[in-house]
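J.: Work out the full structure, taking the sequences as your base and the hints as a guide.
Sequence positions in the sequence shown follow the numbering used here and run 3 to 135.
Simulated from the structure, these hints should not be mistaken for lab results.
Remember, predicted model here, so these are calculated numbers, not experimental data.
Glycine residues also receive a C-beta, built at the ideal position from the N, C-alpha and C atoms.
Incorrect hints may appear among the rest.
Cβ-Cβ distance ranges computed for the label pairs, FRET-style [said to hold, decoys possible]: (1) P70 x T121: 39 to 49 Å; (2) Q88 x V43: 20 to 30 Å; (3) M60 x G118: 37 to 47 Å; (4) E131 x R38: 42 to 52 Å; (5) P61 x T113: 38 to 48 Å.
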Amino acid sequence: MTARKIIHIDMDAFYASVEQRDNPQLWGKPVIVAWRGNRSVVCAASYEARKFGVRSAMPAVRAGHLCPNAIFLPPDFPRYRAVSRQVREIFQHDTDLIEPLSLDEAYLDVTENKTGLPTATQVARTIREQIRS
Numbered sequence: 003m004t005a006r007k008i009i010h011i012d013m014d015a016f017y018a019s020v021e022q023r024d025n026p027q028l029w030g031k032p033v034i035v036a037w038r039g040n041r042s043v044v045c046a047a048s049y050e051a052r053k054f055g056v057r058s059a060m061p062a063v064r065a066g067h068l069c070p071n072a073i074f075l076p077p078d079f080p081r082y083r084a085v086s087r088q089v090r091e092i093f094q095h096d097t098d099l100i101e102p103l104s105l106d107e108a109y110l111d112v113t114e115n116k117t118g119l120p121t122a123t124q125v126a127r128t129i130r131e132q133i134r135s
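T.: In structure tokens form, the structure reads like this:
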């Protein structure tokens with residue numbers, strides 16, 4: 003029996019990364035995706051905001067205190083869903099065996115991948131390059 007080759011894909015800071023990708027003025031700046039308000043929580047924080055200790059699920063008020071120069075953006079879930087669909091299309095170039103966990107996370111069975119690459123690591127590198135391009 004052949005061992006299965008499973009890849010776990012988790013796109014860190016997905017919502018913030020989409021915002022930065024779509025708005026070059028945000029590149030290199032601390033971005034926090036969250037509604038402003040006392041009861042709001044952080045949906046995503048860019049790597050620049052994470053350097054200040056901001057994390058997902060943290061109260062937005064606390065995030066604002068930790069990173070006072072952060073750019074707060076309201077979540078745009080329709081756009082994130084659209085980008086997630088585009089990413090899944092990339093996955094489908096390599097395999098039809100996809101188990102989505104969320105908009106930014108999935109398991110892929112690449113045992114018999116469509117590209118014929120021999121290792122899961124090679125498939126993962128190819129997918130990463132395609133997502134980034």
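J.: Each hint should be assessed against the structure and marked as holding or not.
T.: Tested hints:
1. P70 x T121: 39 to 49 Å: holds (45 Å)
2. Q88 x V43: 20 to 30 Å: holds (26 Å)
3. M60 x G118: 37 to 47 Å: holds (43 Å)
4. E131 x R38: 42 to 52 Å: violated (36 Å)
5. P61 x T113: 38 to 48 Å: With Cβ atoms ~43 Å apart, the hint holds.
In this structure, only the earlier hint numbered 4 is contradicted, and the remaining ones agree with it.
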